[in-house]
Amino acid sequence: MKPKVAFFDFASCEGCQLALLNCEDVFLDLLEQIELVEFREAISEKSSRYDIAFIEGSIHREEDSKRLIDIRSRSQYLVALGACACNGNVQARSNFIAPAENYKLIYGESDRNRVQVDEEYWPLWAHTRVRAVDEIVKVDFHLRGCPMSAEEFMTLVKALLSNQIPHFPENAVCVECKRNANECVFDKGMSCLGPIAYGGCDAVCVNNGHVCDACRGLLPYANIEAHNELMLSKGISKEAIKSRYRLFCSAEKIGKETLNNEH
Amino acid sequence: MSTSKKNIRIKIDHVTRLEGHGSIRINVEQGKVEKLNLEIVEANRFFENLVKGVPPHDVPQTVSRICGICCVGHQLAAIKAVENALNLTISPQTRLLRVLLNESQFLQSHALHLYFLAIPDYVGVKSILPLASSQPELIKKALKLKKLANDFTAVLGGRTLHPMMPTLVGWRKLPDKNKLHELLERLQESVTDLEQMVDFVAQLKWPDYERQTEYVSLKHADEYALYEGEIYSSDTGKSVPESRYREVTNEFTVAHSTAKWSRWHRESYMVGALARVNNNYEQLYPQAKDVANALDLKVPCYNPYKNNLAQMVEIIHCTHHCIDAMQQLLEKDLQMEDIHYQSSKGIGSSAIEVPRGILFHEYGFDEQGLCNHADAVIPTSQNINNIEQDMKQFVPQMLPDMEKDELASHMEMLLRAYDPCISCSVHMLDVTFV
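Line order of the protein sequences matches chains A and B. Going by the numbering used here, the letters in the first sequence line up with residues 72 to 334, in that order. Going by the numbering used here, the letters in the second sequence line up with residues 15 to 448, in that order.
What the hints contain is simulated information worked out from the structure, not anything from laboratory work. Every clue listed holds true.
Distance condition first, Cα-Cα at most 25 Å in a straight line; then the derived DMTMM-like pairs of lysine to aspartate or glutamate: (1) B/233 with B/249; (2) B/140 with A/95; (3) A/305 with B/381; (4) B/158 with A/95; (5) B/193 with A/96.
In this text, all values refer to a predicted model and were calculated from it rather than measured experimentally.
Produce the entire structure from the sequences given, and follow the hints as far as they go.
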């Protein structure tokens, strides 16, 4: 029997599902190997048990968290798909502002008070804080990046289809960037999080003239304090460094000593 | 049961083949519509707050993440608004590259929506998958077109999703000239494939339903307005500049939607392919007008289901326009430009047409050059009110002739025809039909 595969989206741009739809060359072949039972963005069918459940997006509300727990209880493997699911991505920045304040800033105070009156829709508005998927349920595999890497997705699916545990090397973006012989971003007078960020993306941003903002998260063994010292020595202010981390890594510990106050 | 005394309850949670989460809830008692809500249940992401404190060049990269399907549109809207805030100007080369990048997203998004998300409704299947065996040639062509559009975005932007090459004032790295030549050839080749795709669309049947509304789009003196222009209303026949977009959107909040709603001269208005074709038909490429004729799309068209046809017309227009623009770009060697800029205090807004309609962004920067104000009004949040108005007229009108299932599927098709992007509109969105 073909394995049942499902995709679920929470708060996200749904770009990771799109990245998969964009694999025109392999998508139809893949569909011969699996039974796609939920993929709301592209199909209208449903199922009750899943061999592999892909979760896209971060979790912001109690009802979303309940839905996630329910999916976990019906799935053999659960995969966090993309940066939002893995570490909250850019929306985790809103955790630095209280939910009530966030609503006030976006919807205005009077509107916020008015819509809150309708009890039926209250859960819709019950934003708690932005959480990564593994803050709520056990995650078997992380497919990092914003967007996720379609190559890594295929590696994972192929491994699971042949009853193997997929392996993703834990090296820094910097390693892949050097391999591509890019001019170092620091030598170009800009700063970069490549030395401490999870690789696997082939340093795609630096290859294309940009810098690494660590959308894949920070490596668990990275010497963050040393990297902060390096950035400070290049004349980058503490505030700018913090702002840098906060783009994609709001949920991470970013070196309190070197940056010298809470993050 | 007498048709006038029908009781119908429809609840469609998390409508499928839709970007984002939306639900439809309809309650008919004794033949009377007691409740009809288009619920937008997407979780909030508060993007306008997320960019505060961010330096100007990081703003476009951050707001790109509002939506995967519309990432190019959000980036370009943000780049234009930030440049307006900081009084930065661009070269003709950069404008041309942006025009091409923007239209690459039209080709990609329209092809995805029309062939993969919408058409299954009109041939009576649940997804594209059954079509892969019954219409293999068509699906192959649709996939080929989508791949061309994706490669197009990737060559110009660095990658298909959240491209990193475009930035303030210019390009971080220029597109490869050989790849541009190759794209041009593929675009020229695609013209024949498109003819066959048009033939397929031409034989589909569309629900016979009309409701005149206000059509809002950009308008430009010299071209079919996509990259820039003034904000035009079909109700007044007049335009306002992009900086006055708030007079157009008049955003307000309703309890059953985490996306804000909009209205201008009447209770709701429509943006998107149909609004653009209605407002700017004369500026379409002749080939696109021919296709409009072949599809029997006569302007002004008041049938929202025919937004799908307008998308087909725009695929043709953009293909021919991109071929011309690409040839123009390739006449000279691309020049690497200085992308350093001076940050300053200021506020600026922008308007751009993206596949789903007109998109507004606005940003402000403080003395340190950090973002202290942000606002984004997304096409779908402008359309949602109009979709609900359509449903409110459609349901009572069709009630005598349609049973529950047919009514429900027509509501889903109506919602899908607008090609809503719910992630965008709540920066955050979820639709349920109850």
